[in-house]
Amino acid sequence: SSFRCMLVRAMAEDTFRPHGRSEVGADALKSHGRTWAEEILTYETAKRRPNLSNEDGGPPVRVTRGAVKEQERVFDPVNQRYREPATEYRQRLREEENRVQHLNRAMDVQLLREQPFNVVTNATKLEGLDFPGEGNADKPMHGRQRFPDTLVDYNIVSNKGFHEHHWAHPDDRPQPSAREPRHRKVPAFTQKDYNIVTNRYLSDHDAKLTRDTTLNKREAAAKYVERNRFDPLVQKYTNP
2 SSFRCMLVRA MAEDTFRPHG RSEVGADALK SHGRTWAEEI LTYETAKRRP NLSNEDGGPP
62 VRVTRGAVKE QERVFDPVNQ RYREPATEYR QRLREEENRV QHLNRAMDVQ LLREQPFNVV
122 TNATKLEGLD FPGEGNADKP MHGRQRFPDT LVDYNIVSNK GFHEHHWAHP DDRPQPSARE
182 PRHRKVPAFT QKDYNIVTNR YLSDHDAKLT RDTTLNKREA AAKYVERNRF DPLVQKYTNP
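Quick note: the sequence shown uses my numbering, first residue 2, plus one each step.
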């Protein structure tokens, strides 16, 4: 194809130049060529021919075997320390500062999440700190809640409330919370206004029986009129 021919021609011109291989700098690699072939050549040179020259335009940097060995001997793998005393001192000082910072941060987190005293010796952990209080009651709660001792507000042994039966002083005992009784809902069909054994109303039996009889007659008459509008024997409508 024409693209392959242009690429081969550009590579051939670069190969047979009288001054040897061309050195392409960083600015030349970033700049765009005048033609497509020059851009392809620049890309191929950047991938296959790395630029090892100094930024000042000097000769390429030469990495010798002695320089590599010298860098390897900076740290002693047997004694696990730097051979240079100044380097070893700076490294130890940096590690000690990081260790102290990590321990201080861990102690702060422990004071926030755990008790402010030692559970074995009962000694306070806040000695020498500018803290509002040493007790657990005065300690501010940052992101944690006190786990309840029980889920009921009475003593499960004596069945008495904590305001009557509790280990604390009467003034410090927890007071019961006011609770309103729950409304009991009963299904309406279970409530009868008559006795199911005697089949009599609980109150005003005679008046309610007369009412039921009248309602039953009217209901029967309404159904008869709706179903039998025309009398075929007398050839008249039932409703005048």
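Hints listed in this document are in silico derivations from the structure and should not be mistaken for laboratory results.
Take the hints with a grain of salt, since some may be wrong.
Label pairs and their in silico Cβ distance ranges [what the hints assert, rightly or not]:
1) Pro78 x Asn99: 28 to 34 Å
2) Ala169 x Tyr202: 56 to 62 Å
3) Gln111 x Glu89: 31 to 37 Å
In silico BS3-like cross-links for lysine-lysine, where the CA-CA straight-line distance does not exceed 25 Å [to be verified]:
4) Lys224 x Lys237
5) Lys48 x Lys70
6) Lys218 x Lys237
7) Lys209 x Lys224
8) Lys193 x Lys218
Every value quoted in this text rests on a predicted model; they were computed, and no experiment measured them.
Don't be surprised by glycine CBs; every beta carbon is placed ideally from N, CA and C.
We went through each hint and held it up to the structure:
{"no.": "1", "hint": "Pro78 x Asn99: 28 to 34 Å", "verdict": "violated, 22 Å"}
{"no.": "2", "hint": "Ala169 x Tyr202: 56 to 62 Å", "verdict": "holds, 59 Å"}
{"no.": "3", "hint": "Gln111 x Glu89: 31 to 37 Å", "verdict": "holds, 33 Å"}
{"no.": "4", "hint": "Lys224 x Lys237", "verdict": "holds, 18 Å"}
{"no.": "5", "hint": "Lys48 x Lys70", "verdict": "violated, 29 Å"}
{"no.": "6", "hint": "Lys218 x Lys237", "verdict": "holds, 23 Å"}
{"no.": "7", "hint": "Lys209 x Lys224", "verdict": "holds, 23 Å"}
{"no.": "8", "hint": "Lys193 x Lys218", "verdict": "holds, 23 Å"}
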